[in-house]
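Just need the whole structure built from these sequences, with the hints factored in.
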Amino acid sequence: SQQGEEDPQALSIQEGENATMNCSYKTSINNLQWYRQNSGRGLVHLILIRSNEREKHSGRLRVTLDTSKKSSSLLITASRAADTASYFCATPLETSGSRLTFGEGTQLTVNP
Amino acid sequence: DTEVTQTPKHLVMGMTNKKSLKCEQHMGHRAMYWYKQKAKKPPELMFVYSYEKLSINESVPSRFSPECPNSSLLNLHLHALQPEDSALYLCASSGWELTNEKLFFGSGTQLSVL
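Protein chains in written order, with my numbering: chain A, 1 to 112; chain B, 113 to 226.
Calculated directly from the structure, the hints in this document are not laboratory data.
In this text the structure is predicted, and so the values were computed from the model without any measurement.
Each hint should be verified, as a subset may be incorrect.
What the hints assert, rightly or not - Quick look at which bits of chain A chain B covers, simulated, 3 or more residues with Cβ under 8 angstroms: (1) 22-34; (2) 38-47; (3) 98-112.
Ideal Cβ positions, reconstructed from N, Cα and C, are used throughout, including at glycine.
This is how it looks when you write it as structure tokens:
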């Protein structure tokens, strides 16, 4: 079963704007990952944040993790049309490990 | 080589057919996964292989039969499928199953069952 819930389900913004997606999960974890999926393609790993980290950056991506609220957010700054994709958070089935369960995803559309 | 290769990219089959999906990686990964993804939904874990042995079967119907011939290859044999089995089937790999590593995904096989 999927334990992640993401909001919003869909987000439409203009190029250059920032996009924020949120993920909530139910069980204890020691890491959370974000993936991106272009339509009809495989998923691409974006970033992994561990439970002892509160914030992590990678290029235009910023991820936060609040284990007390069991939530995470993904911020994409200065968005581009090429960022249009579905974004999923993923958490291990058990506390740790690479057997992942994925959230419902956010469909991001960046308009040129 | 950081790729996971899946073949075929598209497959149309009848409910009485037998077909196989193939997945290959040459990253030396010891864990391989099959996920099923319906349109506009997240991927759902089907099977996990660790060191070529089946580690997890997420209560998948027997009409789906996984096989791991060696550490680089993963197959999914399909038989007597139903139209509701139409979906994108994704293969993934990671270095180890029980460590916190990212998954590398293939591009998937889009399966249509008529």
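8 angstroms C-beta test of the segment 38-47 of chain A against chain B, three or more residues: holds (count 6)
Coverage criterion applied to the segment 22-34 of chain A (partner chain B; beta-carbon cut 8 angstroms; 3 residues): holds (count 3)
Stated coverage of the segment 98-112 of chain A by chain B [criterion: 3+ residues, CB within 8 angstroms]: holds (count 9)
Hint check: no violations occur; every hint is consistent with the structure.
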